[in-house]
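Q: These protein sequences, in sequence, are chains Y and S.
Under the working numbering, the first residue of the first sequence is numbered 1, with each subsequent residue one higher.
Under the working numbering, the first residue of the second sequence is numbered 1, with each subsequent residue one higher.
What you were told as hints is all true, and nothing was included just to trick you.
Mimicking DSBU-like on lysine-lysine, the simulated pairs with C-alpha atoms at most 30 angstroms apart in a straight line are:
#, chain 1, residue 1, chain 2, residue 2
1, S, Lys70, Y, Lys152
2, Y, Lys76, S, Lys133
3, Y, Lys152, Y, Lys91
Because the hints were derived from the structure by calculation, they are not lab data.
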Amino acid sequence: MIRFYTLRLLKDKVGHLILIGLPLVLITIMVALNEENIPAGEFDDMVLYIGLTYIVMFQGFGAAYTFEGLEHDFYKPFRSRLLVSPVNPIKFVFSQIGLSIIVSFIQSLLLVGYLVVMYGINIPNLAGVILALLLGVILSQLLASIIIFLVKKANLAQAIITVYIVIAMLVGGFFVSFSESSLTSFLEQFSSPLAWTHFTAYAFMEASVGDIMLGTGLLVSTILILFALTYKLSQRVKR
Amino acid sequence: MIVKINDAIKRYQNDVLALDYLNLEIKKGEVVGLLGPNGAGKTTAINAIVGLLDLDEGELLVFGESQNTKNRPLKKRLGLVTQELTIYEELSAYENLRFFGSLYGLKGEQLEKRIIEVAKLIGLESRLKDVPKHYSGGMKRRLNIGCALLHKPELIIMDEPTVGIDPQSRNYILEFVKALAKDTDTSIIYTSHYIEEVQAISDRVYIIDQGHIIADGTVQSLIEKMKGDQITQITVKSPSKKSVETLKAMPDVKEVSLVENTYQIVLETGVSMLDKLLALLSSETILNVKNDEANLEDVFLMLTGKTLRDGGAHD
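Bound conformation, chain S alone (with noise of 0.2 angstroms):
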């Protein structure tokens, strides 16, 4: 096992629990998504992995060992890609490179090497004495990651790796996570606020909301869960919790969260009752009215009660 937590408690100043008996496993070779909503403890947990943080309660085993933030040696064996780009913006890629791997007791001819490797898998080989102020966000972004594969980490995490770049290269870095976790065995941890990045890279997705996990498995086993399920999502102008309440009370209604001004009804398998929750809602403005098959973004969104995009601060 890379990763083993058991029962993980974090507290933090303010009193708020940002594990709360978390429990998490990751094998080798497997990527690994992490998905919750803003303040869920993604981002604790993340710390918590790569010894950014000591836990309060609980067991964090990584590579067998315990971890916390004294634990030097441990970092060798761990790569992070952090949300934020954190590369010199003045210094040239190589230079950015370079020091990353001297951090990691690479020198001579074995970083330079190694630095021809990652400039090549991050495909940016051509443009290694280039400083990164002048390059694409994708640029900026491919040479984010490439700055925590130096030391060939076993275990990396990526925590939201491809913030705000366009469409191609993300496919290129999601095509990149996959080949590198194929390709050399690397364990791989990976946050997303696009929930079809983790379905599409993942072998297994653990959902956390308040601290804990509460559910994880294949992203096919999770949405096997839904299977069949009826979502009807019925957008209007104003909506109530009260409402809400009341379609929770209806026969043959499973689930029912309210996404910014969209109920979100989950029904019994093969239940047709949209005429009854119009009528319920009658006294509502309509502005909207859908019906699908459950996907990973609706078992979120049933699980949570939130949408993976809710908030403008990160955990």
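Looking at chain Y on its own, in the form it has when it is part of the complex (with noise of 0.2 angstroms):
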């Protein structure tokens, strides 16, 4: 069955192109508009804000592969092949979020290799930015299958979470800045899951103790509620 979902997940190239191509470009042309701009010494800084940043938007663009999955193997045709099977269909809801978790995760981070190999860049504590990241994708994945079963339709599901990213970014601060409040910070900070990974990749960068507990609080708790409703959810699947 994991052959078989892989198999799947990796014949979609026009996936992949979109989900590594685009912000690999987004985060080129954005590094190349703002370098003239940037003081001396902070080059690294600004690449680092403008990669998390299109990693972590990425990351919930990455949800089309679960909806995709999960639409094509339960709300079509396919479904009446998998339920007369003697697996038992929640199988097959996690074998393809878990195999989504894994590409997108590795979009992540070939991501993060271009930002250091082109740009040459330190990030500080790699591994603690890489948990974040995975996090991250964890949550945008059950995210996603959340919203397949509710909605059930696949670009409609995609709708949804395509109004979700575009108001996270733009609320969070990330496209636009705001001039600096408490309120602001705080909209950069916790207003969305979006938001928490990129906080939470930036307290691992800082070191920043309390702010790593807050933020990979904030996102396995809300991990483990999601998982929690997808697990609840995929039962109807059965139906």
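The two chains are supplied separately, each in an independent frame; assemble them into the complex guided by the hints.
A: So, in structure tokens, the structure goes:
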């Protein structure tokens, strides 16, 4: 089963191209546009900020793997074929989500690798940053599964997650910087799960133990809640 | 007995009665045709047999065991060929077969051997490494069937397995189904909108309408019931229900049904009353008149008042 789901995910060449190629191009363009205006010595910080922003944003878009896989398996005729087999349907659900997490996480790692190799930046506490990104990926894919179980159509789910991502990025001030205040600072750090991932990655880089605990705590507890919801909603596919 | 259904009742949420005291039996090695107009309850019956839904009332035994959505071990003995293509078109036929085989616990050499056997059976052994999106419609259909055969099911349910394919591929599949039942003693439930397919391969036929069986028997015995009956078909421009009633009231008329704009009139043996029928319909614009001996299609038509290809949606 794992082999089949892996092969199926690998076949989605357009998906990979969009989810790796597009952020790569956007990071490159945004870095080039901002390069001139950045004071000497702050280049690495700028690249990291832009890079992490796009990595987190495209983790959200990586939800498409889960949407499309679960829609194909449970909201199209394939469902009957799977449900007449002696395999517990929950295994299909979590195989799909699990492999979507792995593929989306690999994409995040490739983008981190691009930042390091292309711009030669040093990411402090890289392992911690990667952990934050992994938690972000897990959260995004579980959120995706809940949305598809509720709306049952991948294109509708995609529209919902796109609106969510755009609002989250705007409210968090990732695209347009707001004037600094306690409110904008709060929004940048806590306004959405995407902001939490960004915040937690920075907490690791800055080795701020309190923020690490807060960020990972938020992500992990939300993941646990979403996991429980996913499990509960996945029971519906049996019907 | 492979399948035994006693007084099955199934209601859907909108209170539609999909199965209404359905009774059905299938013996080992039998090919049973299940015929019914759209919405008759065929798919509901099939879904109950394969354990995709639970009955509200009644008894459903498969291999002597009570069948329901929770009886997972029983599923190992069943194979379902779905009406829609349920193969993954981006992955090779080999990977599709491998996946479905693995769902039934096949692995290693046993799985590889079985993939080759099934590929030979469905005539795709030379195209195993190709992806189905490059296959013809008939080849995709054959792969769709093959995916249900890997685990050697003792009961196979084929829900319109020949939809949308060319006559050559259809013949291939029909011959294949006949051989499968004969060579392996597998029981097969076969549904189709093509009555001639069911007639060609079935040992017995069940005709289902409004959730229950309205006739069953061998194809021959069903036709025998109407043997000698004269079927007169009169196609008119604008048919009316009033004319149906008037025709029904005529002496020697056994049955009348209206299919699209054609009156199907069954007359007693040896009766010739075409002139009277035409006189009765003289106020209507008659487009065509046809006289025939009964066949399975007529049996179906007379029992259900509908053709198999009526309407668009499947039940």
